[in-house]
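Undergrad: Residues per chain, in single letters:
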Amino acid sequence: MTVTTALRASALVFVVALLQAGVVSSTFVFGGAPDLLLVVIVALGLLRGSVAGAVFGFAGGLVVDLVTLDTLGVTSLVLTLAGFWAGRYGETTGRGRALAPVLATGVITVLAGFFGVLLHYMLGETVVAHQALVTALIPAVFLNVLLAYPVFRLVRRLAGGRLVLEPSTEVELVV
Amino acid sequence: MPRQRSARPAALGVNVRRLPATSLSQRSSGPLRRRLVVGSLVLLALVLITFSFRSEAGGSMSGVQSAGATVLRPFAVGVDRIAQPFRDAYNWTESLFHARSEAARLRKENSSLRQEAIQRQFALQENRFLRKQLHYVGSASFPHDYNGVSAAVIDRPAGAFTQAIVVDVGSDRGIRVDDPVVSSDGNLVGLVTRVTSGSARIQLLTDQEAAASAIDVRTRATGIVRHARGTRETLVLDRVRKEDVIKEGDSIVTAGWRTNGLTSVYPKGIPIGEVTSVGQSDTDFFQQVQIDPYVDFGALDAVLVLVPKSRNPSQ
Numbered sequence: 001m002t003v004t005t006a007l008r009a010s011a012l013v014f015v016v017a018l019l020q021a022g023v024v025s026s027t028f029v030f031g032g033a034p035d036l037l038l039v040v041i042v043a044l045g046l047l048r049g050s051v052a053g054a055v056f057g058f059a060g061g062l063v064v065d066l067v068t069l070d071t072l073g074v075t076s077l078v079l080t081l082a083g084f085w086a087g088r089y090g091e092t093t094g095r096g097r098a099l100a101p102v103l104a105t106g107v108i109t110v111l112a113g114f115f116g117v118l119l120h121y122m123l124g125e126t127v128v129a130h131q132a133l134v135t136a137l138i139p140a141v142f143l144n145v146l147l148a149y150p151v152f153r154l155v156r157r158l159a160g161g162r163l164v165l166e167p168s169t170e171v172e173l174v175v
Numbered sequence: 001m002p003r004q005r006s007a008r009p010a011a012l013g014v015n016v017r018r019l020p021a022t023s024l025s026q027r028s029s030g031p032l033r034r035r036l037v038v039g040s041l042v043l044l045a046l047v048l049i050t051f052s053f054r055s056e057a058g059g060s061m062s063g064v065q066s067a068g069a070t071v072l073r074p075f076a077v078g079v080d081r082i083a084q085p086f087r088d089a090y091n092w093t094e095s096l097f098h099a100r101s102e103a104a105r106l107r108k109e110n111s112s113l114r115q116e117a118i119q120r121q122f123a124l125q126e127n128r129f130l131r132k133q134l135h136y137v138g139s140a141s142f143p144h145d146y147n148g149v150s151a152a153v154i155d156r157p158a159g160a161f162t163q164a165i166v167v168d169v170g171s172d173r174g175i176r177v178d179d180p181v182v183s184s185d186g187n188l189v190g191l192v193t194r195v196t197s198g199s200a201r202i203q204l205l206t207d208q209e210a211a212a213s214a215i216d217v218r219t220r221a222t223g224i225v226r227h228a229r230g231t232r233e234t235l236v237l238d239r240v241r242k243e244d245v246i247k248e249g250d251s252i253v254t255a256g257w258r259t260n261g262l263t264s265v266y267p268k269g270i271p272i273g274e275v276t277s278v279g280q281s282d283t284d285f286f287q288q289v290q291i292d293p294y295v296d297f298g299a300l301d302a303v304l305v306l307v308p309k310s311r312n313p314s315q
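These protein sequence lines are chains A and B, in that order.
Okay, so the first sequence: first residue is 1 according to the numbering used here, each after it adds one.
Okay, so the second sequence: first residue is 1 according to the numbering used here, each after it adds one.
Okay, chain B solo, but in the shape it has when bound (with noise of 0.2 Å):
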């Protein structure tokens, strides 16, 4: 009887074909040979690490492995020679790709150092003057009478016929209108006209109607500082007796008179300037000295305002 080659389950009612059956043994082989295979490679894998870990130095694992690198070098070094383009297209294409967002991020670093290096300038500066100002407060040129009161230039209101300057100092440090004004150095700079709780107006010694009685160091010859007419910055020791012999170069200094129980409002020996000429005409009673003051009135950022020691706090 003839092998019946196809089936009809009741259940399905449809003719079911069996494939070309294979043995056993065939079947089984692909499996087993798969296995073996890697298997085998795994195990030689771990023996490999095996040696190659526990291999000292100059081992025969080592040895075979540098035959083989030895070997592979020169397909290595081709590798990488033809790679050599494709790699340096892609590192400048990269770069191309990362330019614009590393310029952006140093024009930003850039800009941050920037604003720290003004911000170091202006520490420096700033040290710098309160160095000089701590200096010339421990110094004997100080006046002894006074308490210097450190005041940063916040205003310079604009004017022609007014050379002033607004400090960041008022009443509630003790500032009173009055008050002698000084640069970090010393050098006489004007006179506190108004007040407020908080800050305080300067008068500079540069204004129309600012004036100061000032002695000639050398000669002990008085007179009285005024601005200059028709200059910003210039000054003159006026009401100088014809007899007294000013020279060029010779320091003037504040002259802190005190008489019939009034005193001056700026200390005795405070610099003003130092004379740059001298003249005199025979209709003039006084001679005509012109003084540079050591003060740059342009320039003024800190001040020192000088309150009397004897002063009441509450006054």
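Next comes chain A alone, as it looks inside the complex (with noise of 0.2 Å):
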């Protein structure tokens, strides 16, 4: 990744968080709100790969805890994870498939949704489970794979590049 790859993929995750800790957070629809963050993380982490998106997603968690005075660390290990995940899919059994970015972003949501209400129950914070799971993660999921697929574009417009692809032992068969 250029310097200057690496700078345009910073400021838009840095716009994105501010974004969703005050505007989309709290824009409902059908008793959910998009979590656009995480739906760049992981369009960030199947184009840039899974360092990338791991590193990305820290630093997006970082800023929406910063922002929101929420526990610092809880959306970062979050953001993290799903970063990373996003970009091993990309690069091993996701490559090349046109539909990865939806089934990723909708996988990583629900996996999100439940990491994260484990992480406040272990925090010892008042989670109602159904509330989390099912009211606001059903819209939630719904949205960000409405999302998913325009903001990869978007996001692979800005920052960048192709798939990395893992380095791996191959043989090529010339017939």
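Quick caveat, the hints were computed from the structure, so don't treat them as lab data.
Check the hints yourself; a few may be wrong.
[Said to hold, decoys possible] Here are some chain B residues the structure puts well away from chain A; computed CB gaps all over 12 Å:
no., residue
1, F53
2, D80
3, A104
4, S281
[Said to hold, decoys possible] Covered stretches of chain B (in silico footprint by chain A; criterion: 3 or more residues with CB under 8 Å from a CB of chain A, positions within the stretch not fixed):
no., region
5, 60 to 69
6, 191 to 202
Glycine included, each C-beta is placed from N, C-alpha and C at the ideal position.
Got two chains here, each in a separate frame; can you build the complex from them with the hints?
TA: Next comes the structure, spelled out in structure tokens:
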């Protein structure tokens, strides 16, 4: 990743994190709010690889936690793992698949939802499981999946490149 | 001997070209670096969570967080201001979408509330009426030889020559023909003229054929109350002698006579109305006394049928 691309991606994550904390999280559609930052992190993970996904996830989560004065590190941890998993998916089984952004976004939204509830529960915070996992999560998955492809295209335009493929041992058949 | 770059396996029968091999250190450095980075980030996040969770208000971690939030605040405010028009537009659109369903819901609620209000108004009126009736039944003016049977008006037969109402009690409640009927506050209404098991027809005092012997409370002058010709709700006190001095404002009540074993159908002392005018001509034998009835015959909703206590229920 070049310095320019890294800067663009950082700026994108920063702005989207601020938008998520201030605007998007309070924009309710069908009872749930989309997680634009998660969608962007998944797209970055798919496009720039697991390491970049994890780093941007951590940074974006930290911004959100700082702005919302939430427990520092919670959103970072969730988004780090989300970016990392998206990156690994893009580097391995998801490569070349047209539906990879949509699929990855949907699955990671569900996993992030459950993991977030678990983390908050472990921290002793009051969590209404039905509210978090049914009332809010189902519309959030739907909205994130809707956003996945346009956001993926936008992120590819702004931050770059192609899917980073994991170097692997291969043979080529010459017929 | 040059290194063989391609092989021809006997089984497949195709040429297999090896890709340029990478060294073991190169191949393993990618995953190692990845694991290191992710592990470090996860560890850092956990450390942040731990410190943030365990730190008290005003502690070092909250100071760090506060400083970070302070640094980010201008950006957050900026983003918020930029996003505000879009948020307003979204809210406006959303409210537009919800307006129809909201209007339908409010209309439904309004209709329901209106019905509820009407029902309450009816209940209130009924309550007032029943209180009034209860007060009258318990008062000294209530004829003690009678029981009051409360009845709701269910019909008002229309006709130029009849003034009557139909009530929802009948012979099953002990009602018989010629039972007197009063309003909830005890003013004379009329007489039962027809009875079925569950309903009764009441001839109003304003009917052409209705008549009741009456007395002026102040002068004790007697007469017969009938309807006034040409009017619907005005009564006259007929057959009042010229020497009786009746004045406007005098109260007229039922006479309730009893003679030679015969008794009036109306008990004594039931208010009928108030004298509004008194006139007499030289050629007439009796005075012309007009009475304004106490009862508003056009607005009767419920009445009280007076059933004699002496009546045997099997009669």
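Undergrad: The structure should be examined with respect to each hint, and the outcome stated for every one.
TA: Okay, the hints, checked on the actual structure:
no., hint, in the structure
1, F53, "violated (6 Å)"
2, D80, "violated (5 Å)"
3, A104, "holds (19 Å)"
4, S281, "holds (88 Å)"
5, 60 to 69, "holds (count 5)"
6, 191 to 202, "violated (count 0)"
Checked against the numbered hints above, the structure breaks hints 1, 2 and 6 and satisfies the rest.
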